[in-house]
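The two chains are supplied separately, each in an independent frame; assemble them into the complex guided by the hints.
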Amino acid sequence: MSRIKAICCNYTLSVEPDALKSAGLVPEDVEFERLPCTGRLEVPELLDAFTQGAAAVFVVGCELDKCHNLSGSRRASKRVAQAKKILEELDMDPGLVEMFFAGRGETEPVVEAARLMAARAARAKKAQ
Amino acid sequence: MIIAERKKLGELLEMVKGCRRLLVLGCRGCVAVCSAGGDKEVSVLASAIRLGLSRQGKEIEIEERTLVRQCDPEYIDPLNEDASDFDAVLSMACGVGVNFIADRCGKVNVLPALDTTFYGANLSSGEWKEMCAGCGACVLHLTGGLCPVARCAKSLSNGPCGGSQNGRCEIHPDVSCIWQQIYDKLSGLNRSDEMKNIMPMRDWTSAGHGGPRRRIREDLLP
Chain A
1 MSRIKAICCN
11 YTLSVEPDAL
21 KSAGLVPEDV
31 EFERLPCTGR
41 LEVPELLDAF
51 TQGAAAVFVV
61 GCELDKCHNL
71 SGSRRASKRV
81 AQAKKILEEL
91 DMDPGLVEMF
101 FAGRGETEPV
111 VEAARLMAAR
121 AARAKKAQ
Chain B
1 MIIAERKKLG
11 ELLEMVKGCR
21 RLLVLGCRGC
31 VAVCSAGGDK
41 EVSVLASAIR
51 LGLSRQGKEI
61 EIEERTLVRQ
71 CDPEYIDPLN
81 EDASDFDAVL
91 SMACGVGVNF
101 IADRCGKVNV
111 LPALDTTFYG
121 ANLSSGEWKE
131 MCAGCGACVL
141 HLTGGLCPVA
151 RCAKSLSNGP
161 CGGSQNGRCE
171 IHPDVSCIWQ
181 QIYDKLSGLN
191 RSDEMKNIMP
201 MRDWTSAGHG
211 GPRRRIREDL
221 LP
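Protein chains in written order, with our numbering: chain A, 1 to 128; chain B, 1 to 222.
Worth flagging that the hints you see were computed from the coordinates, not collected in a lab. Treat the hints loosely; a few may be bogus.
[As the list claims (entries may be wrong)] Computed footprint of chain A on chain B; a stretch qualifies when at least three of its residues, placed anywhere within it, have a C-beta under 8 Å from a C-beta of chain A: (1) 3–11; (2) 47–59.
[Said to hold, decoys possible] Subject to a maximum C-alpha distance of 25 Å in a straight line, what follows is the list of computed DSS-like cross-link-like pairs (lysine-lysine): (3) 17(B) to 85(A); (4) 78(A) to 8(B); (5) 7(B) to 17(B); (6) 84(A) to 17(B); (7) 78(A) to 7(B).
We put the CB at the ideal spot given by N, CA and C, even for glycine.
Extracted from the complex, chain B is given alone in its bound form (with noise of 0.2 Å):
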């Protein structure tokens, strides 16, 4: 899933300190799943934002919503109809919410309350990993299922590095090195030999460095 945070709360009282009518808006998407961004959040930030301007001696009127998901047409474009006479709408959404808010709704002032951080799994309660840098070119199925790019501090696409030392990061030594635990994980599926292939520069244009990426599918399309 996509994991979120919520920005800092003078960052977000500095964006909304001319606002009247504010419209905070979470999403029970990934964003609910990870705890940043779902009913639970957006009636604590309503109540911290209006705590914070009741501090600086401004009034305010927040309404709280949450809708399915911000990523698809059909739960945001209403927000054509009741959400241009709000000031601004504080979207508790990944980035991608509320860029497609900001494509949508043209007379909606979006404002984003999360900083969007990476896609990510559930370690635990509280505890989110990043898992998938959406590179667009897998190279996992070489791997064991371990994804180098993301989880190498260096994106090696053949390691480990020299410092990797005793199954850790040099960069980071309380993390696993993950080229460490690819060695393990095909030693145990006895393709340990498959190391010694030398995987080739790495193709990025895939990655989003040429501009947003599209995905069609054509039989689905209208």
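Here chain A stands alone, though its shape is the one from the complex (with noise of 0.2 Å):
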């Protein structure tokens, strides 16, 4: 498992996790997993990917009121929302997971999301 998860729905990752990487637009210990909706995500779909190693899981899906499947990531988010209480209860970081929201092709948000998250794993390590 890479130390980082990104979930994308179909609209929000439109260029190839790869091309992104040998850009060195995104760090390479990210791994992308492209979802047709965020709203299909799960509760344990995240939480398990910490239990299977990942260090922060972050989900990016499309804008809250322009999502394609009209109220999928507006799913997604609740769902995240409800594993940052659980890593809270665990006592772990509730920021090691993280909702973002992009438009439709854009490239950068996702981007900035996946540094973003990497900034926090290295954080969170160097507590530990």
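What follows is the structure in structure tokens.
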């Protein structure tokens, strides 16, 4: 398992992850998973990523009022909020799981999210 | 329905810390409807326990299962055959399910994953409110269908109390005074005069203070 897990919908990951990595835009240890829609995401998937070794997990869905499937990214943000509460209960930093929103075909928000989460993971590792 | 909520993960991890094999057992009855112990909640709790124990350097094998109900023998008796080899069964049913498994499955070490809280109704998605105390002696025919036992902070039989202000409860100012609501309801039904009748001192023997209650319908007995 990579240190950072990224879960993006079909519309927020328009560039191939390998291209982002080879261009040096996102860290090498970010593993991307593409879902048809982030509304499909369930809390166990977020938690299991940590169990399998991820240091941070983030989700990128469509902008709230522009989701291709109307409310998919809103559902995903609620699941992320639930996962945050569980991390808190387990004395983990809730900031290690995060929801981001991006416009269709925009790569920059995904890149920024990856960098932010990599920084959070590094800080968490340092604090251990 | 019976309303319940998951115990804190810290408490649950302490309960299962010695387990190598754990069955997380949901119920598709009331606790599934109130989103505390159905299939989805089983899946979330199993993942949370795996994560919590892995952070403690412990390994655990967790099986996830959900029964139609945990308050009927036909669903839980099979646990005697296939659940006794688990170190524990973490039941996500209400307290009834946990007790019933404990009663009927001698070799099953059953643990409660939920705190059972009240009998309530679904106000909107994600919000439940207590409506009944299960006291065994309904007075709803006298109160316009609104229960003063469950919904008055003091369970008054003759209200409102002197602390009711502007239709609000003095104990919880964000809650409507149920006796004000009873008055409004009876007034709307042209029955407000009935509030002048003093309800006699309540007999609480039916409310469970004399041990577990039991109901028998002889025509249904085997």
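Hint check results:
{"no.": "1", "hint": "3–11", "result": "holds (count 3)"}
{"no.": "2", "hint": "47–59", "result": "holds (count 7)"}
{"no.": "3", "hint": "17(B) to 85(A)", "result": "holds (21 Å)"}
{"no.": "4", "hint": "78(A) to 8(B)", "result": "holds (19 Å)"}
{"no.": "5", "hint": "7(B) to 17(B)", "result": "holds (15 Å)"}
{"no.": "6", "hint": "84(A) to 17(B)", "result": "holds (23 Å)"}
{"no.": "7", "hint": "78(A) to 7(B)", "result": "holds (20 Å)"}
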